[in-house]
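Visitor: So the sequence lines, in the order shown, correspond to chains A and B.
Just so it is clear: in the first sequence, position 314 is 313 by numbering that gives the first Met the number 0, and no numbers are missing.
Just so it is clear: in the second sequence, position 224 is 223 by numbering that gives the first Met the number 0, and no numbers are missing.
Treat the hints with care, since some could be wrong.
[Said to hold, decoys possible] In silico DSBU-like links for lysine-lysine, alpha-carbon gap of 35 Å or less:
1. Lys61(A) / Lys275(B)
2. Lys77(A) / Lys110(B)
3. Lys275(B) / Lys254(A)
4. Lys61(A) / Lys45(B)
5. Lys129(A) / Lys45(B)
6. Lys187(B) / Lys77(A)
7. Lys72(A) / Lys45(B)
8. Lys45(B) / Lys77(A)
9. Lys110(B) / Lys72(A)
10. Lys129(A) / Lys110(B)
11. Lys254(A) / Lys110(B)
12. Lys189(B) / Lys77(A)
[Said to hold, decoys possible] Which bits of chain A does chain B cover? Going by a derived footprint, with three or more residues having C-beta under 8 Å, they are:
13. 75–83
14. 115–121
These aren't lab readings, by the way, just hints derived from the structure by calculation.
Backbone N, C-alpha and C fix where the C-beta goes; we use that ideal spot for every residue, glycine too.
The lines below spell out each chain.
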Amino acid sequence: MTDAIETSGLVKAFGRTRAVDGIDLRVRRGAVYGLLGPNGAGKTTTIRTLTTLLRPTEGIAKVLGLDVVHEPKAVREKVGLTGQFASTDEDLTGHENLVLIGRLLGLPWRDGRERASELLEAFGLAEAAKRQVRTYSGGMKRRLDIAASLVVTPEVLFLDEPTSGLDPRSRNQVWDVIRAIATRGTTVLLTTQYLEEADRLAERLAVIDQGRLIAEGTNRELKASVGASRLHVRLRRPDQRVEAGTLLARSLGAKVFHGADASVLSANVRDEQGVAEALSALARSGVHVEEFSLGSPTLDEVFLALTGRPAEATPPNEVNA
Amino acid sequence: MSEDALPSEVSGEAFRRILFEAPRPSAPSALSATVTMAWRALLKIKHVPFQLFDVTAFPIMFTVLFTFLFGGALAGSTGAYLQYLLPGLIVQAIVFITVYTGVGLATDINKGIFDRFRSLPIWQPAPVFGAVLGDMIRYSLAASVVMTVGVVLGFRPQGGILGMVFGVGLVLVFAFAVSWIWMVLGMKVKTPESVMTTSFLFLFPLVFVSNIFVDPTTMPAWLQTVVAMNPVTHLVTATRGLMHGQDVLASVAWVLLASAIIVAVFAPLALRLYRKER
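Using the sequences and the hints, build the whole thing.
Guide: Okay, here's the thing in C-alpha cells:
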C-alpha cells in the first residue's frame, strides 16, 4: 500500500527565502506523525504544500499516492486541514459553519444539518450551536475548527499547531480527539512547537529546523540518538548535596548537575546497571535519598542536542512564515 | 500526568460520533458550491444586518433631509424634488454597498477560512461567484428599502412598477460590474479596512460630482464637463429615465457597455488573483 504522505526533495521558496529546503518525508497510513520545530522552521509551508494551497518549487509531494501538483482535486477530496488560524466564519453560528462545510463536501442539506448537530454534540458545543462563533472562547473556536475538518472523516488530517494558545483543559480535549480519529485509521500529520505534545501524540517525529529535516524517527529513537537515560535524585537533606554529588560522579563516571531545587541532583547515565551501585554507594555513606527516577531525556534536551540551541517557543502573536 | 484527570467535554457516547460512518459523498457541482457560498453571504446579512443598514441609512437620511430642506428651493416643491432625487439615491446606496463585496473577500483572505475553502474539493472560483451572487441579493434588499421609504414619502414615478423594476435592475447590473473592481482591490491590499478607505476615496467624488442631487445645468461649465464624464451620471440619467418612463435608450446602452467592459477587465483579473497562492 502506498504511504499516506511522501515527499522527496521538497522545496518551497518565497523569493530568495527557502522556507522548505529539501525535505523527504514518509508517513505510513494510519500513523500520527509530528512535525516538530520552532517558529519559521517550515512546518506550515510543508502542510500548505501537502494540502495543495502552495505549489512546490522543486521536488515531489504525494498524498495517498496522488501528486499534489497534478491531481490537486483528488487530493482535496481525501484530506482535511485545520490551519493555524481560525478557519471558521465568525459571523455565522457554529451549526451554520459546519453545514456550510458539509455542503461544500457534497452532503445534501438535510444530511449536512444532521451531521453538524452530531459533531457539535460530540465536541461539547451543542449548547453554543446557535450562537455566532465570535462569541466562542478560544478553546471552543479551536474545537469547532477541528470539527469542521471532520464533517466527512478525511483519510489524511493535517493539523497545524492544533493546540497553540489553548489552556490545558482545551488542549487535553484536542488531544483526545486526535487520538480518537487515529484509532479509526485516519492518518494525522500535526505540527507543533510543544515538545510535550509531540511526545504524547505522535508515534514518529520529524524535527525540522530552517527548512530542513534534521532528525526523524520514533520518540524513543530520537531520544536514544541524543543520549541514554537521565537519573534524577531528590535528597532528604539539602545540605548533603555536595557530598552526594561527589559520590554520584565517582560511581557513575558522569557529570552531575544541580537542579534549581536545592535537594535535587541529576546525571546522564550511560550504563543503567551503574545506577543501582551508585544509589547503594549513597546509602552506605549515610546520604538519605528521598526519591529517584530514571527516565529518557526530554524532547527539549533532544532539540538542544540536535540544533545546538533550545527549542524555545516564540510568543503566540508572532506569525509563522 | 495529573492534567489527564481534568474532565474532558469531548467524551462519552457522543465521542464515537466524531467519525462520519456513511460513504463519502461525491464533490458538489460548481453550481451547488456557488449556491452554498451565496447562502453563506445571506446568513451574514441575517447576522450582521449593520452592513446593510449603515449604507441604506444615509440615503434614507438624505431622502428625508434633502426632500424637506431643499426640495422647495431646488425644485419648487418637496414632492417634485423627491421625484428627481430618489432614483439617484438608489444609485448612491447601491454603489456604496458594492464596497462590502471587496471588504468581505479581504476579510476571508486575512482569516483562515480562505485556506479552508481552497483545501475543499470544490470548483475553486465558487467562493468568489457565491459572494457576488449573495451580494446581488443584498443590493436588491437595500434598493427595496430606499424605494419603500421613497414611496411612503410620495415618490410616484410615471414608469410605474415596471419602470422601478427596470431602473433597479440597471443599477444592479452596474453594481455587479463595480463589485469586481473592489474584489481585485480586496485581494491586493493587506487589510479589509484599506479596501474601505481606498474605495471611498474614489466613490465619494463619483457620487457627489454627479447629477444625483441637482441638475448639472446650474453648475459652472467646467464642472458640467466633469459631471458629464462621470459614469455615475450616466447611470443616474438612465435609472431616472427608466423610472419616469422616458426614452433613455442611449444612457441605458452606455451603462450596459461600461458594465460589460468593467467585467471583462476586472472579473478575469479577480479570478486570477484568487487562484494565486499566498
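Visitor: Indicate, hint by hint, whether the structure satisfies it.
Guide: Status of each hint after checking the structure:
1. Lys61(A) / Lys275(B): OK: Lys61(A) and Lys275(B) at ~21 Å, within 35 Å.
2. Lys77(A) / Lys110(B): It holds: about 23 Å lies between the C-alpha atoms, which stays within 35 Å.
3. Lys275(B) / Lys254(A): Outside the cut-off at roughly 56 Å; violated.
4. Lys61(A) / Lys45(B): Judged against 35 Å, a Cα distance of about 42 Å means the pair is violated.
5. Lys129(A) / Lys45(B): 13 Å, holds
6. Lys187(B) / Lys77(A): 31 Å, holds
7. Lys72(A) / Lys45(B): At roughly 32 Å apart (the allowed maximum being 35 Å), Lys45(B) and Lys72(A) satisfy the hint.
8. Lys45(B) / Lys77(A): 33 Å, holds
9. Lys110(B) / Lys72(A): 22 Å, holds
10. Lys129(A) / Lys110(B): 22 Å, holds
11. Lys254(A) / Lys110(B): Violated, at roughly 50 Å.
12. Lys189(B) / Lys77(A): Judged against 35 Å, a Cα distance of about 32 Å means the pair holds.
13. 75–83: holds (count 7)
14. 115–121: holds (count 4)
Checked against the numbered hints given earlier, this structure breaks hints 3, 4, 11; the rest are met.
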